[in-house]
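Residue strings, one per chain:
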Amino acid sequence: MLKELGSIAFAQPGALWIGLAVLPIVVLYFLRMRFRRKPVGSTYLWRELAVATSGGDALRRRSILLLLLQVAAVALAAFAAAGPSLVSRALLKPGVAFVIDVSASMGSRDCARESGGTREAHAASRVEAAVLAASREIDALGEGVPVMTFACSSSAAPLLPAPTLDKAAAKASLRSLSALSGGFEEGSCADAISAALARAEGSWSAVAFTDGGMDLGGDRLASAFGGSFRAVSIGTGGASVGATGLRLEERAEGKARAVFSLWNGHGSTRELRIHLARNGKPLASGLVRADAGWSRSTLDLEGGIDEGGYSLEIEREKDDIEGAPGSTCYLSVARQRALRVLLVGRSDPFLKAALAQGGISYSSLAAFPADLSSLPAQAPSGEPGSVGAETAPDIVVVESARVPAGARCNLLVFGAPPPDAPLASGGAASGLIASVAGTHPLLRFVSWEGARASSGLAYSLRGQALVLATTGGKPSLVAWEQEGYRSLACGVDLSRSDLGLKSAFPVLLQNYIRWCAPRADDQSAYTLYAGESARRLEPESFRLKGSVAKATRSGPEVTIGADSAGLFEWEASGARGYLAVNVPSGELDAAPRALKSRSPVAGAAAFTPVVAAEERKSARPLGSIASALLAILLAAEWIAWNGSSRRRGSRTGKMKREGGTA
Amino acid sequence: MSFAYDGDYELARGLSIRARKRLSGFAAGEQRSPATGGGIEFADYREYVPGDDVRLLDWSVYLRSRKLLVKLCAEEKELSLVSIVDVSRSMDFGTPAKLELAKRIASVLACVALRGGNRAGVTALGSSLLEPIRPERKKLTMSGIARAVHALESVAVSSPEAALRQFAAAYGGKCVAVLLSDLLFPEWQRSLDALASSGCEAHVVQILAPEELAPPERGEVTLVDMEDGSETPSHVDEALLARYREALGSFLSRTASECARRGLGHCLLGSDASLARVFHEDFMKAGIVC
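Chains H and L supply the protein sequences, listed in that same order.
Using our numbering, the first residue of the first sequence is number 2, and each one after it goes up by one.
Using our numbering, the first residue of the second sequence is number 806, and each one after it goes up by one.
Isolated chain H, as found in the complex (with noise of 0.2 Å):
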């Protein structure tokens, strides 16, 4: 990229005609500064005088720099007014982006390994030929052509800060490359590259390495580089099997049967013996019926369906591609205990109708406690609910009863909201109940069917709080979160309304309950694709094992995910489980499949942009500068006929001084 700099633009040249004041200022200067000439008998006495104060000589020097000072600041003020700004100008070669594909499938080892231009006899995954490849490519590109690599799976992650010149530098960010257990979606993958290139300059084209499993079939990356996409098909072909989709299901007499999905891609059926697994213990063994495509296969187990961790692994034959993602799938169990909810305060009939539900164990109260985390036990013992010493309830519902400040949990308020909330009550609100934000989470098919409130509450917004519904038009369902915390306040007096009898109060109830607590089944909330993550409402000392899997808390919940296919331990609260984490289905057919190139990008061997080089503007603004130099400049004017003042004032006043002792 050469660069240089240009000329000096102005957004309103007119305005420079402003510095012709400086004539009028230079003409009245040698009119003020022409010395009249005053004959005396003697300068005797004068010349003493002059000899001491320096003459004329010192007024004429600050005279010239006041001058020079006055001029110089209408110069800078005519130069600001007219909008300066640097206008430079830079010849950008096209930059070219090298897009490597991380997918699972990219782990597949069916390339050929060179190394010193000698071929060996180890197969090299998908990932290496592409770097390999990739850096090839790099080496044949001319010199000054700006490069960034990105690595592409469930998104794109830029492998290097900024677009570099250095090839050296753009073939290092290749080498540690591998390949994940997720997906390659490819919109996630355009969104990340777009801002990543928006932040870049000039034009970028693009060279892809991958085996073909963008689930987009390479549209939507192309269209982020305009067009410009060439990909490159990444492995030698071959076919794979792989199981996905584990559940366990109850048969007969208390035993379980595990249910699972194949994928054959040899194009003809075959016998797969398959390894089910709990904990790492064998649990049962068996040969599966595999259609070519995809099918559905069970495999009966002796016991029940157990907490654990489960994988089922597919005896791979020696025609399958090496190293193909899939050959296992995993499978978590845990219990899922009850959401525990606290109702404070009156107790709505409405609201216990809408709580009386499966998989929520509420208890009442008539004020809000102290502490919420020292409640006791809500189930009994035994039930999912009572499961760790930790019983603080998931949501507390609150109806007609003060809310302190510093409530650390999710609120469901009828009525005032707590002190700190970020809205507060704002008067009386009636009249028609209707939605203002249709599409939250906590309106989904939520319909008022002319609900109406003869009494009730509005609220008026002091922070950031979203107003869902308004009663009369006033604000009377409000949803904030705080420190991760989900709350939700209700100005309808359910006791003077016919809110509690409309069916969008159970769905209400419903969508704040799912809201703050995702819903899961026991074989679902531990059980994710790579590249996923999930949201549970978890205690405080909940944890994952190992470095694989990542989870990060906010406020009750913790997210919960990994990049890589496998079982993963947790522990909570005395409690243990497993995270399983499988490869998305779409990646088990490893075959490579060759995606359309696009032109104008062309020809792996020898890469030549088509624009030679693209000239670049870019305009910086200089009017701040100007301003500000403009201000030192009348600053130094000021302190300059100030100083001067002064001194001869601090002369004068001495001499008074002086002559007043004498």
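Take these hints with a grain of salt, some might be off.
Per label pair, the in silico range of CB-to-CB distance [as the list claims (entries may be wrong)]: (1) 31(H) to 963(L): 29 to 39 Å; (2) 641(H) to 1002(L): 32 to 42 Å; (3) 635(H) to 994(L): 51 to 61 Å; (4) 1034(L) to 637(H): 48 to 58 Å; (5) 637(H) to 1062(L): 47 to 57 Å; (6) 1054(L) to 641(H): 31 to 41 Å; (7) 641(H) to 1052(L): 27 to 37 Å.
Short, incomplete list of chain L residues facing chain H, as computed with Cβ under 10 Å [what the hints assert, rightly or not]: (8) 877; (9) 899; (10) 987; (11) 990; (12) 994; (13) 998; (14) 1020; (15) 1022; (16) 1024; (17) 1025; (18) 1028; (19) 1029; (20) 1045; (21) 1048.
Far from chain L by the CB rule (all over 10 Å, computed), these chain H residues [claimed, not checked]: (22) 27; (23) 39; (24) 42; (25) 252; (26) 262; (27) 359; (28) 366; (29) 369; (30) 393; (31) 400; (32) 463; (33) 473; (34) 484; (35) 595; (36) 620; (37) 634.
Don't read these hints as lab results, they were simulated from the structure.
It should be emphasised that the depicted structure is a prediction, and the values quoted were computed from it without experimental measurement.
All C-beta atoms, glycine included, are put in the ideal place defined by N, C-alpha and C.
Knowing the structure of chain H, use the given hints to seat chain L on it.
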């Protein structure tokens, strides 16, 4: 022939030159001298000492007080008054010009001297000593004096000190000298030395223009010296004027003290002073006339 100074001569009536020192002239004149003895006008008494002329004893006093007192009489001698007019270009400055006043004073002083039966002369401090009117015994006319003084014009003076030394050589101890000058030149002290070295009873009448005593100028001016044409650019403001007044006051006090130190009388005049006041107040106070 009438001159502008004609009216000035009326001032000379009733005035006489006052000589404080013994005059060195031998010719008897009408000027009452501090020297006692030879005159006829009683001056003072002193106690008799052996050797005194017994004819001078005042017997009437002896008869009243039994004290022998000798009667002293003032000796009347002929006096020469020489006015030394500084005709440098700086004396041409002022409204009215300092030289104008100096010339009028010189002519009136000459008139006073002549009326007292004394000699009068006028000299000028040019580049050398100019003597338009020499103090001779012959009777001068007022109109002659006025004409000669009026003819004096300012000239470029390189060294007033040299001219005064010429004066000292020519008139040393023989006259009452009155120097009329502004003393606004660097070597004014050496010039006073030269005047003092003449041995004459000398007075320095320092004449300054009102513009010099209180400069009216304000702002940025280039002061041009009338003597040598040198220029001094100045920003004349109240501060500088205050310093000027301070310097002027210091200069005047120094000229007065330096004159006193050398036994010279000193009198400061503004060039706009009235001649009547000069003679009847300032000069009397300075002891130049009585």
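Hints and how they fare:
1. 31(H) to 963(L): 29 to 39 Å: Holds, at about 37 Å.
2. 641(H) to 1002(L): 32 to 42 Å: violated (54 Å)
3. 635(H) to 994(L): 51 to 61 Å: holds (52 Å)
4. 1034(L) to 637(H): 48 to 58 Å: violated (39 Å)
5. 637(H) to 1062(L): 47 to 57 Å: holds (49 Å)
6. 1054(L) to 641(H): 31 to 41 Å: With a Cβ separation near 33 Å, residue 1054(L) and residue 641(H) satisfy 31 to 41 Å, so the hint holds.
7. 641(H) to 1052(L): 27 to 37 Å: holds (28 Å)
8. 877: Violated: closest Cβ of chain H sits about 46 Å from residue 877(L), beyond 10 Å.
9. 899: Hint holds; residue 899(L) Cβ to chain H Cβ min 7 Å, cut 10 Å.
10. 987: For residue 987(L), the interface hint holds, since the closest Cβ of chain H sits about 6 Å away, which is under 10 Å.
11. 990: holds (6 Å)
12. 994: Not OK, violated: residue 994(L) not within 10 Å of chain H, min 12 Å.
13. 998: violated (18 Å)
14. 1020: holds (8 Å)
15. 1022: Residue 1022(L) check passes; min Cβ-Cβ to chain H is 6 Å, inside 10 Å.
16. 1024: Cβ of residue 1024(L) sits 7 Å from chain H, so the hint holds.
17. 1025: Hint on residue 1025(L): holds, closest Cβ of chain H at ~5 Å, below 10 Å.
18. 1028: Where the cut-off is 10 Å and the nearest Cβ of chain H is about 5 Å from residue 1028(L), the hint holds.
19. 1029: For residue 1029(L), the interface hint holds, since the closest Cβ of chain H sits about 5 Å away, which is under 10 Å.
20. 1045: Holds, because the Cβ-Cβ distance from residue 1045(L) to chain H comes to roughly 6 Å (cut-off 10 Å).
21. 1048: Constraint on residue 1048(L) satisfied, holds at 5 Å.
22. 27: holds (17 Å)
23. 39: About 5 Å separates residue 39(H) from the closest Cβ of chain L, which leaves it inside 10 Å; violated.
24. 42: violated (3 Å)
25. 252: The assertion about residue 252(H) holds, with a minimum of 113 Å to chain L.
26. 262: holds (101 Å)
27. 359: The assertion about residue 359(H) holds, with a minimum of 99 Å to chain L.
28. 366: holds (87 Å)
29. 369: holds (80 Å)
30. 393: At about 83 Å from chain L, residue 393(H) clears the 10 Å cut-off, so the statement holds.
31. 400: Holds, because the least Cβ-Cβ distance between residue 400(H) and chain L comes to about 85 Å, which exceeds 10 Å.
32. 463: holds (63 Å)
33. 473: Residue 473(H) is indeed farther than 10 Å from all Cβ atoms of chain L, at 78 Å.
34. 484: holds (70 Å)
35. 595: The claim stands: residue 595(H) keeps its Cβ more than 10 Å from every Cβ of chain L (closest is about 90 Å).
36. 620: For residue 620(H), whose nearest Cβ neighbour in chain L is about 47 Å away, the distance exceeds 10 Å, so it holds.
37. 634: About 24 Å separates residue 634(H) from the closest Cβ of chain L, which puts it past 10 Å; holds.
This entry does not satisfy hints 2, 4, 8, 12, 13, 23, 24, going by the numbered hints stated previously.
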